[in-house]
Amino acid sequence: MKGDRVMKFAVLVFPGSNCDIDCYKAVESTIGQPVDYVWQTSTDLSAYDAILVPGGFSYGDYLRCGAIAQFAPVMGALKQAAEDGKYILGICNGFQILTEARLLPGALLRNKALKFRCHSAKLRVVNNETPFTRDYAENELIDIPIAHGEGNYYCDEATLKELQANRQIVFRYEAGNNPNGSVDDIAGICNRAGNVVGMMPHPERAVHELLGSADGKRMFTSILNAWRERSGAAVIGG
Amino acid sequence: MAQQLSAAKEPNAEQIAEQKLYKQMGVTDDEYARICGFLGRKPNYVEIGVFSVMWSEHCSYKNSKPVLRRFPTTGPRVLMGPGEGAGVVDIGDNQAVVFKIESHNHPSAIEPYQGAATGVGGIIRDIFSMGARPVALLNSLRFGRLENDRVRYLFEHVVSGIAGYGNCIGIPTVAGEVMFDESYEGNPLVNAMCVGLIDHDKIQKGVAKGVGNPVFYVGPATGRDGIHGATFASEELTAESEAKRPAVQVGDPFMEKLVMEACLELIDSGIVLGIQDMGAAGLTCSSAEMASKAGNGIELYLDRVPQREEGMTPYEMMLSESQERMLYVIRPEHEAQARAIFDRWGVICAKVGKVTDDGRLKLFHHGELVGDMPVGALVDECPVYNPASQEPAYYRENAAIDTLRYPEAANLTETLRRILASPTVASKEWVYNQYDSMVRTETFVRPGSDAAVVGVPGTRKALAMTTDCNGRYVYLDPAVGGRIAVSEAARNIVCSGALPLAVTDNLNFGSPEKPDIFWQLEQATEGMAEACRALETPVIGGNVSLYNENAKGAIYPTPVVGMVGLVEDVDHITTQGFKAEGDIVLLLGDTKAELGGSELQYVLHGVTEGRPPELDLAVERALQQAVLEAIRGGLVASAHDLSEGGLAVALAESCISGGGIGASVALETELRPDVALFSESQSRILLSARPDKADALQELLAARGVPCRAIGTVGGSELRITVNGKEGVRSDVAQLEKAWKEAIPCYMK
Amino acid sequence: MKAKVYVTIKQNVLDPQGSAVEGALHSLGFEEVGKVRVGKFVELELQTADRGEAEARVKAMCEKLLANTVIEDYRYELE
Amino acid sequence: MKAKVYVTIKQNVLDPQGSAVEGALHSLGFEEVGKVRVGKFVELELQTADRGEAEARVKAMCEKLLANTVIEDYRYELE
Ligand SMILES: Nc1ncnc2c1ncn2[C@@H]1O[C@H](COP(=O)(O)OP(=O)(O)O)[C@@H](O)[C@H]1O
Ligand SMILES: [Mg+2]
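Protein chains in written order, with my numbering: chain A, 1 to 238; chain B, 239 to 987; chain C, 988 to 1066; chain D, 1067 to 1145.
Okay, chain A solo, but in the shape it has when bound:
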């Protein structure tokens, strides 16, 4: 039975990653699936069903956030995994790495106010039909913290139109509360196929009430449920 098989998660680790442990703990505590840290020199991700690219300051974020990490050996395997339709979630620095590697369109500029900002943020679930958001209601307002200095999403007009047309905008900051000046209040996007998501806010920091919000938990249950459905197993309650 497929239902007996567990979903395997990888958390990539680059020199300077620092939300790797948080992602690892979040997978364990929310859905109890097996997780491995995968060091950036690895060239094989075939054993994993989902890959998390965590936040932090890979390579010190020198030059541009994510610029140096895009050349790490593991990135080839990550691109392959993306093509194979595996679930890939880039959070914060992970989002920056995915855009630098062109797995997602656009780029992340410095916050409009030029300051690093860390606080709770209200997000709108714009597209709840991705494998990452299916356990949310459409347009639901959720509470997920941000912590970044360069989260100002930018893409050109044509790309933005495409994102809108293809429902690739997954999360928006609540209107009037855009913390970084990003285009169209974008907080997270996905690729055309919908299996690669990048977002600035940190769902792994909102997985139980002691942390101030548990709204991030359903991102992890969504991924598991999407995978189970795809592999024909029972879906867990949301």
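Calculated from the structure, these hints are not laboratory results.
Accuracy of the hints is not assured; some may be wrong.
[Said to hold, decoys possible] Using 25 Å as the maximum straight-line C-alpha spacing, the simulated PhoX-like pairs for lysine-lysine come out as follows: (1) C:Lys1022 / A:Lys79; (2) A:Lys217 / B:Lys258; (3) B:Lys261 / B:Lys300; (4) A:Lys8 / A:Lys122; (5) C:Lys989 / D:Lys1106; (6) C:Lys1046 / D:Lys1070; (7) D:Lys1130 / D:Lys1101; (8) B:Lys600 / B:Lys280; (9) A:Lys115 / B:Lys976; (10) C:Lys991 / D:Lys1070; (11) B:Lys666 / A:Lys115; (12) D:Lys1076 / C:Lys991; (13) A:Lys115 / D:Lys1106; (14) C:Lys991 / D:Lys1106; (15) C:Lys997 / D:Lys1106; (16) B:Lys699 / B:Lys440; (17) D:Lys1076 / D:Lys1130; (18) C:Lys991 / A:Lys115; (19) C:Lys1022 / D:Lys1068; (20) C:Lys989 / A:Lys112; (21) C:Lys991 / D:Lys1068.
Knowing the structure of chain A, use the given hints to seat chains B, C and D with the ligands on it.
For chains B, C and D with the ligands alone, coordinates are given in the frame of chain A:
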């Protein structure tokens, strides 16, 4: 002694003696004579350089040792007191908390971003060099008035330097304090504290154990960073000397992250015999101290030190303060194992020396002996001074000042708004929103309550932490101010639901060579020591920063207290915000007519005068014990300690932190209404409790002899305070919040 | 051989740092200043004597790493 | 008038960004590269026709805001 070639231009031993060049390094004639005695000859340039830093106040505590002896440093939970990189306190289950505070005042005054950043980097190294995993950062800051351009520049860049370093390395910055007063103009205070967790059996020491063992250098290459500012008058300012000028230290948090992970992995492997960070005076201090603690000697081969710049001399290498470097000792057979770890993290590691049995620090450069000094003399034989102490005139004069001599504040609502908008009291969101306070996902109480609370992974325990000190009180009466600093820190810890464990302190004072400043130092440490004894919070480490002076004189004496407490169960975590409509508001403790050093005095009349509030340690202790008991008993909905701005500010903050919920309060008092609202009497706490728990809570407090009065209820969207039936304060909480939140951003636009 | 690389934010992309610097210059009294753009300036040394080769290499470095061509333009000089 | 300002980290001062970029270039196969330093490049327009005045103003801007002279050097060009 062989002549060294590379440093041919450096003055020789005779020139140093004749021209008294040692004086430019801060070495006195007497100290110089003493050094000659230890060496049995005149020191050469490297040697006098090494002695000058080892015998500086920063490394030797020559002016502060006697006062530091007053602190209680032991207790049932103290596993390691002052002496090592940081103190260690037991928290049960074979786990311990490690913490320390350190100042970077002077570097931050020159280059605020890098000064503050490297201050954070330095204190983190102190923690992981003990083998502990750093889990939280705090910072205590003092600046002049924000009206001043340079002050705003310093404030802006100090904060972003702290953020830049802590955020990048991935350690949450969870608490701190910022105060503004012209006393700190030109000499800001930047104190950084780090807290770490460790298992008992992993605790490391900075000792050079085992004669013959190799000594390794880890971290980025050494440059001419922050070298002892002693440049020579004889040296003309040529292009060459300009290039040799000591450079400001620049922090590289990414590098520190790699060094930290690699060192923790190395320590985990169990092969480390001794490890120490290179802090102030870099290679000099770390090697001499490690040798001294083991009763051994060390030989260093300086040409093997990784170098960033060409032509570096032994003097420059020994005195460089390049950041992110460590020194460790292992057995020779473990070398390959250690190397593999550093290679994987991409960190440079070089064998630069050897442990010897002769008790000497010997420096070799390309095979030549260029320095040879007894380790004992460097570390332990610096003369200890007992500077003259005298009660200053201002202290006596202040006794006579009647703090009620100003007319009563007419409009209490407006007064509250003004005090809330005073930068010292105003919301520090502008500061702490720049800090990643959540990384590691253990931050259960973020900045914005009395103390931050950080979980102990895998347990139901948590650590509460805070820094506190009101320099105005300490200035007005150092003994009382010292007592208040410790008590307030402990009160903040208790209000968060934790038992205060221990203290790390940072003594920021003016020049100890001035008798009235030394008097402040003596009095303040005495007051702190009394409080530490009464509250059973021993001092497990700290830092001394003297000579904090500007054109107008010394800063306010500012002995910052960093404290950590233990939350036994996360269910006990309590925050300052009001929780629910209908909850009963209780005021614990007595309010007296105490305006000396208060925010009211400063904001309304622009003065800091009189005597500060009194503090009775027995009363304080009873209050704290009773409140902790009540919190653990599940009787308390919110707790907030009363500090700057008194009762009115505490009420406003509890409303704002409660999400904008209001409160209705009626005070009966014999005091003048403005005094009742803004007096800063000590040993007071504001609690709220569910109506069904309020009686039990009051009974418990009464039984413990703690004065307690129900003064109102939570609810609505307004804060209303009547005094003896007459309206005092009435305002929408939103209005108060606006004044409080927008004050600092408004200056910083 | 020495190379100097200038990386600037594309004209149509908003440059938050440039706007902030412009605002700060205005408030410092430099009101005559406009169109401020802040970019990067990278200096490096190449162990090549061949100018043509150096040029190709530097261009490759820019395309691959030094600039993100989604948002940035670059130019370089060899000395 | 246009001004270009180049801000570089002083020779003796550590440039972690430069080292990181150098390391990245090496691992990308650009092994011939050394001494990488990363600085800032600021372009701005001045509403002045007077070259002498422009020069004085730009110098003042550098000293006050554009460069942190404790750790950075600057130079500028007017066009
Ligand atoms: N520099 C800072 N860094 C982080 N947090 C800060 C800083 N300054 C103030 N805070 C936070 O803001 C809140 C209020 O600070 P403060 O008024 O000093 O509290 P208290 O009077 O209770 O000591 C606290 O939670 C404190 O930790
Ligand atoms: Mg408090």
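Hint-by-hint comparison with the structure:
1. Proximity of lysine 1022 (chain C) to lysine 79 (chain A) is assessed by CA-CA distance (about 39 Å); at most 25 Å being required, the pair is judged violated.
2. Under the criterion of a C-alpha separation no larger than 25 Å, the hint pairing lysine 217 (chain A) with lysine 258 (chain B) is inconsistent with the structure, at around 69 Å.
3. Proposed proximity of lysine 261 (chain B) and lysine 300 (chain B) is supported: the alpha carbons are some 17 Å apart, at most 25 Å.
4. Our distance criterion of 25 Å between C-alpha atoms is broken by lysine 8 (chain A) and lysine 122 (chain A), whose separation comes to about 30 Å.
5. Between lysine 989 (chain C) and lysine 1106 (chain D) the CA atoms are separated by roughly 17 Å; this keeps the pair inside 25 Å, and the hint holds.
6. Proximity of lysine 1046 (chain C) to lysine 1070 (chain D) is assessed by CA-CA distance (about 22 Å); at most 25 Å being required, the pair is judged to hold.
7. Between lysine 1130 (chain D) and lysine 1101 (chain D) the CA atoms are separated by roughly 28 Å; this puts the pair beyond 25 Å, and the hint is violated.
8. Pair hint lysine 600 (chain B) plus lysine 280 (chain B) holds up; C-alpha atoms about 16 Å apart against a cutoff of 25 Å.
9. Simply put, lysine 115 (chain A) and lysine 976 (chain B) have alpha-carbon atoms about 21 Å apart, close enough for the 25 Å limit, and the pair holds.
10. Between the alpha carbons of lysine 991 (chain C) and lysine 1070 (chain D) the distance comes to roughly 14 Å, so the proposed pair stays at or under 25 Å and holds.
11. Distance check on the hinted pair: lysine 666 (chain B) and lysine 115 (chain A) sit about 15 Å apart at the alpha-carbon level, within 25 Å; holds.
12. Of the supplied pair hints, the one linking lysine 1076 (chain D) and lysine 991 (chain C) holds, its CA atoms being roughly 16 Å apart against a limit of 25 Å.
13. At roughly 18 Å between alpha-carbon atoms, lysine 115 (chain A) and lysine 1106 (chain D) fall within 25 Å of each other, so this suggested pair holds.
14. Straight-line distance between C-alpha atoms of lysine 991 (chain C) and lysine 1106 (chain D) comes to about 12 Å, which keeps the hinted pair within the 25 Å bound.
15. At most 25 Å may separate the alpha-carbon atoms for a hinted pair to count; lysine 997 (chain C) and lysine 1106 (chain D) meet this at roughly 16 Å.
16. For the given pair, lysine 699 (chain B) sits about 20 Å from lysine 440 (chain B) by alpha-carbon distance, which is consistent with the 25 Å threshold.
17. Distance hint between lysine 1076 (chain D) and lysine 1130 (chain D) is fulfilled; the C-alpha atoms sit about 17 Å from each other, no more than 25 Å.
18. Annotation: proposed proximity of lysine 991 (chain C) to lysine 115 (chain A) is violated, straight-line Cα distance about 29 Å (limit 25 Å).
19. Proximity of lysine 1022 (chain C) to lysine 1068 (chain D) is assessed by CA-CA distance (about 10 Å); at most 25 Å being required, the pair is judged to hold.
20. Our distance criterion of 25 Å between C-alpha atoms is broken by lysine 989 (chain C) and lysine 112 (chain A), whose separation comes to about 34 Å.
21. At most 25 Å may separate the alpha-carbon atoms for a hinted pair to count; lysine 991 (chain C) and lysine 1068 (chain D) meet this at roughly 20 Å.
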